[in-house]
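6 protein chains.
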Amino acid sequence: MLQKELYLKTSGFLRAKEDYEKSKAVIVGVPMDFTVSFRPGTRMGPRKIREVSYGLEDYSPYLDESLNNKNYFDAGDLDLPFGNVEKSLKIIEKSAENILEDNKIPVFLGGEHLISFPLIKKVAEKYPELAVLHFDAHADLRDEFFGEKFSHATVLRRACEHLKDKRLYQFGIRSGIKEEFEYIKQHGFLSFAEVKEGFMNKFDEFKNYPLYITLDIDVFDPSYAPGTGTPEPGGCTSKDFFDLIPYFKKLNIVGFDIVEVSPINDLSERTSLLAAKILREVLLCIC
Amino acid sequence: MLQKELYLKTSGFLRAKEDYEKSKAVIVGVPMDFTVSFRPGTRMGPRKIREVSYGLEDYSPYLDESLNNKNYFDAGDLDLPFGNVEKSLKIIEKSAENILEDNKIPVFLGGEHLISFPLIKKVAEKYPELAVLHFDAHADLRDEFFGEKFSHATVLRRACEHLKDKRLYQFGIRSGIKEEFEYIKQHGFLSFAEVKEGFMNKFDEFKNYPLYITLDIDVFDPSYAPGTGTPEPGGCTSKDFFDLIPYFKKLNIVGFDIVEVSPINDLSERTSLLAAKILREVLLCIC
Amino acid sequence: MLQKELYLKTSGFLRAKEDYEKSKAVIVGVPMDFTVSFRPGTRMGPRKIREVSYGLEDYSPYLDESLNNKNYFDAGDLDLPFGNVEKSLKIIEKSAENILEDNKIPVFLGGEHLISFPLIKKVAEKYPELAVLHFDAHADLRDEFFGEKFSHATVLRRACEHLKDKRLYQFGIRSGIKEEFEYIKQHGFLSFAEVKEGFMNKFDEFKNYPLYITLDIDVFDPSYAPGTGTPEPGGCTSKDFFDLIPYFKKLNIVGFDIVEVSPINDLSERTSLLAAKILREVLLCIC
Amino acid sequence: MLQKELYLKTSGFLRAKEDYEKSKAVIVGVPMDFTVSFRPGTRMGPRKIREVSYGLEDYSPYLDESLNNKNYFDAGDLDLPFGNVEKSLKIIEKSAENILEDNKIPVFLGGEHLISFPLIKKVAEKYPELAVLHFDAHADLRDEFFGEKFSHATVLRRACEHLKDKRLYQFGIRSGIKEEFEYIKQHGFLSFAEVKEGFMNKFDEFKNYPLYITLDIDVFDPSYAPGTGTPEPGGCTSKDFFDLIPYFKKLNIVGFDIVEVSPINDLSERTSLLAAKILREVLLCIC
Amino acid sequence: MLQKELYLKTSGFLRAKEDYEKSKAVIVGVPMDFTVSFRPGTRMGPRKIREVSYGLEDYSPYLDESLNNKNYFDAGDLDLPFGNVEKSLKIIEKSAENILEDNKIPVFLGGEHLISFPLIKKVAEKYPELAVLHFDAHADLRDEFFGEKFSHATVLRRACEHLKDKRLYQFGIRSGIKEEFEYIKQHGFLSFAEVKEGFMNKFDEFKNYPLYITLDIDVFDPSYAPGTGTPEPGGCTSKDFFDLIPYFKKLNIVGFDIVEVSPINDLSERTSLLAAKILREVLLCIC
Amino acid sequence: MLQKELYLKTSGFLRAKEDYEKSKAVIVGVPMDFTVSFRPGTRMGPRKIREVSYGLEDYSPYLDESLNNKNYFDAGDLDLPFGNVEKSLKIIEKSAENILEDNKIPVFLGGEHLISFPLIKKVAEKYPELAVLHFDAHADLRDEFFGEKFSHATVLRRACEHLKDKRLYQFGIRSGIKEEFEYIKQHGFLSFAEVKEGFMNKFDEFKNYPLYITLDIDVFDPSYAPGTGTPEPGGCTSKDFFDLIPYFKKLNIVGFDIVEVSPINDLSERTSLLAAKILREVLLCIC
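Residue numbers (the working numbering), protein chains in the order written: chain V, 17 to 303; chain R, 17 to 303; chain Y, 17 to 303; chain U, 17 to 303; chain L, 17 to 303; chain H, 17 to 303.
Computed spacing ranges between beta-carbons, pair by pair:
| id | chain 1 | residue 1 | chain 2 | residue 2 | range |
| --- | --- | --- | --- | --- | --- |
| 1 | H | Ser82 | V | Glu210 | 17 to 25 angstroms |
| 2 | L | Asp95 | Y | Lys20 | 52 to 60 angstroms |
| 3 | R | Cys303 | U | Tyr263 | 53 to 61 angstroms |
| 4 | R | Glu109 | H | Glu210 | 38 to 46 angstroms |
Note that these hints are calculated values from the structure, not bench results. All C-beta atoms, glycine included, are put in the ideal place defined by N, C-alpha and C.
The shape of chain V in the complex, shown without the other chains (with noise of 0.2 angstroms):
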């Protein structure tokens, strides 16, 4: 059951019903950057991307249907302590649990990489199988960050060892220190620059699986999503992605999260409108 009192009032994203029991997909916005390197500021992502989302319709003409027709509820803000790490990945993990609990798929709108630890860990509890699709400029697998283990720079590396024979599929990756292509090559899971081309490869490997996929807004160039903590150029395009969406349709998603929105680095608003369209194309797809 969803627990109130862990939540601060938003406006929700686009029409959201009120209804929780209907709802097969629960969002929850996670305003944390406390251990990011470069620049803080994603924690204003969640309600700007609710924010924006009004500037869209709620038809997707990629897949000729519309959000209106749909159950996913909003729950709100998490109510974090400001500055503890460790207690505020422990209540991540408790508002995971709960939805979990009730049989809805959580999607969760960041804030910092690292949230998606706590995430893909409850999920591979409950999905064994569990197969991540890993969309970022970033390996994200560092086993420790200015001597802590549990980082943005971390969290696939630990999520990684929740993950049954470590099914990570990594795409859009053009950055990162050394160790972290050499592990790729060791522990033998996928890492591709190309989005597009890496995601069709193996589209027919990873389908079968259930999926939890974590994007973090910086897998696009710069010119696309300026407004992110560490922005690397070199990226994919938005319409690259876009022509995924159709596949994504296809796939038994049973969590989601995007990541690394920092409204404050782009007074354009378009990374938070990329992200709010991903949003709404995924509910889209799950619900």
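Using the hints provided, position chains R, Y, U, L and H relative to the given structure of chain V.
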């Protein structure tokens, strides 16, 4: 005595001539954005487009021609009664009428998309065989919007009612409500998500009509044109468009507008620059 | 009774209670800026004021009271037909009527200044002895503006026509056309350039009336409130205004609005914060 | 035929007349910022000041007069060879010479402060009894700057060499190097940190001279004028300055400039608006 | 001795000497903002303050002295483990300890206000008679914040526990929760809303103690310091503060910090410039 | 030998070594933008490129090498006399001379494009077989600009005069005046609108020469590099360029510059990041 040669004229697009009589094209700014739903601000568009035009050369390598030798006139901005949609549309219509009576080609700078309605109406009266090329992210084909018949979201629907055989060609459309996409199918006119493919595909068909071209700057991906009211991720690149310029040269363009440039949302001014560069090319095509 | 269908859901101001019945004050956002002549953008005002209110404490050291213990209700934003001034004013009027019938105090967030007209009209119907305190840089007393009777530049002129003995007190006025200053003299009502002096000067006179307070944020110098449509240098400081708060506590406030907050022109968000802090104090005065 | 009354002229300060002959004051923009050391950008100043002037009324409540009835001419911006200081100063000088020969009053908009040198030089030639009122945060009295004799940091030192009895009055000065403050003492001219006090203090002394007024916008505190190249905290308020306006009316102003407005550093445009409003008042004083 | 491995290289403040041995004051940047609740971004503060210092003269007209002749050392920024509050506080403490052991005066640049805790603790150990002058908009006297004992909102409460007789003097306080204002009354220490009055009032009392001065930039009104995390309208002006500088010269300052400068929220850079100018004056007072 | 007095101290690029002797490449910042015609501001480029370099990893997945192990030295910014073009060019020349005499490779960060002239001149003196690869949107081949021989718009024309057989290869050129395109044809050197195609096309020809590479950041489309003085729509993507990096590795690069990065026009900092990432790759190619 004042030596005129010491001074730059502080306005006018590029180095517009002051000779109305000899000019073939007449530029008019329309600072109107009253019916906009998401982000107002396009009323500053016409001034900004002129201002940044000083950063452009007058020579086009795409057409190997220089605007220097061409005659076009910049009439300035229309003086509109703010908040009064009906009267404003009448003033726009009057302005277009004057220009058409003098056998000149109207080139209007928005402002919001609704300004295209009185223009297309007047041009269609003069050229009964008129077809419209519509570059946009949004179909703008609703029958009404918030109960209003005349709005930026209904403008092409209204315009269609004045076009023989509903001769509308849409390029770049990637957003709308279900009703609009159904209207497209019912009436058998053409709407393409891809700009370049769509344009080349139907070139032989529309090239024989007198043409009105209306270009909503949001046809471009928000990375290319962040300064607009309702940016829609997933659009075309600036190169996609400039590749079409040599084909524009072969068309019989009898009216043109660029709309929805909103300078406030683009500190880099590249949206206005893109509009100004397109305007240079179009003036070279029609003068 | 509150007609729910008039409103869009938003996050609430500070930690507004969800109990309409018990609330004495009702907050309503009015995202309207169609008649604005210089810089539009105030339609984003109400949402931003609520958003930044999370950076404020609920305790006021000026009044030694906490909003925590007070009952006020945030109804959300009115759902307006963009571009249609007439219908929009009717919806605002309807909303005010509902609130007044329920014997609650309307507290409206603009939006442009024109929204004050239907509010003052409705409040004056209920309280025939009503006087209006008007904080503004501009007199807003034109008879018409660009040929329009209803505009942000004529709003107080129109409102005066509904006030017994033209009971209007203006503070901070430092801009207008000659006609407006002559109107002031002819009708013998009071207009002060200095906010604090003017207010204290006439306090004993107006304190006995039921009062509607309308505050255009541009009464403050643009250094204190840069985020507004027609900033006018030479205004008062924030401290000048907060010094008046203890006197507000002694007044019989029966209606209130803050208008012309335009977030896009203020990256620092201090204009919205100033509005939010004033709103906190006013809510403490009336609840 | 084109109906001229439909259009607004897109440039010119406020509604400047097009009649050079009848005009007493001539406005000239000088887009030069080559010698600036900290933040360039003032070359966009003159255009922006004109642009925002459309947000001002032409009536001044400070002087109870309207610019509507006055004759002044806006010549546009000087066409300068970028990067060539020497030639640029000659062009400025030429422009001033023309205006003075026609017995008109030069009113120049910077650009950087160095532009005042050729102006003061030419005005002093015509009026040998000339005194200069200098509003600024910086003394600008270095003998050289980075080895250069002509720079924004040496401009008043150079100007002094053309003034009888070194008739320089400085107001608002709160920054400089030791050498400059010693130069002030040695030559016995007057420099005040406080604008209002200093001005009133010496009013009876300077009011009898023909006066050139040079106003560096950074005389205001950066909160009032953030859009400038070398903002210096601790300056005067806009009100402090407007209180002096009635006294300006009594002076014999024979030349005027406002310099160092840098629009790029001020998204709110209030620096340009402040400059435009001061310009309105000064034009009312001299026309 | 300075442990070099603790620091990252940066450009130095103004023209800081490279001679640690001879320097009396040691500048250290602390890029930490993990516990901030509203708007993060202060971690970029120290670098920006140094960057804009190049726009300042080294001569102070307030004190008639030049920083040129003074010895102070800029050690660079501390290299902190992002997201780990506990370890970060230890590193700050270590850095302060080194500097104090070498009989130098620590001058720290934040970062968030929590960094003052380890500094005050260490300075109080060395100077048992220490009093703290606290310039701030917020009391920062909560006992805990979101369940945390160590936070920017509790920092002075924690610091008090290390001060003999709770020798805390607060100036500019205009925000807090009821509990904090009651704590102030109970413990009989002094908190003033007005900066200048409060300071002058108690000057004779605190001037005899060794003093630690902690200045949260939000003590200034947001118009003077928009670039900060929790701006609070109604604060003091920059002039109010600079008027105190000659009195600072008479104090026995044994430690100093400026905190909460957040460059991202201030495009004009005036907040950083204000901090840099204050730092110049304080260095002149202690060197 | 490096003349220390020429340079101002800055933070270093990425983690530049402090060992000049062992370094093969020497980075120098050139904060000059005096001859720029449209938007100045590039003088802040070098500092910003260094600042954002902290957001990059030192490992390159494109070359599978880490900058960690390489020796390069960052000398800081040249201390230039603002406004004096001639002296500034001499200082740049002197700096290049020193570096070349020490048999190191000059790597300069602009500043405006004119800085490339003294660099190419000096490098061509040392390597008489030198060819220049020129990445830019503009041909920069005018003979004069506003009457000046030395300007950002004439720089490659001047440079050509020092190159044997006018060995100039231009990539990305999409703007210029007719004269420039005719000069290209007359002198038979090569200019391509497409970056990637052009480069690959002529690779076998130029790979045998010692090469100077000059990269004007506006070669990229303004969506990828909005922070520049004269953005020109229709340019290449960042990916187009990074695809060439492995080919760079095979070249004999003897001099390099990146110019025209103007941080003020790019709040997202992605232009500086793109420059920094290219610099990382080039350093890996030459060290």
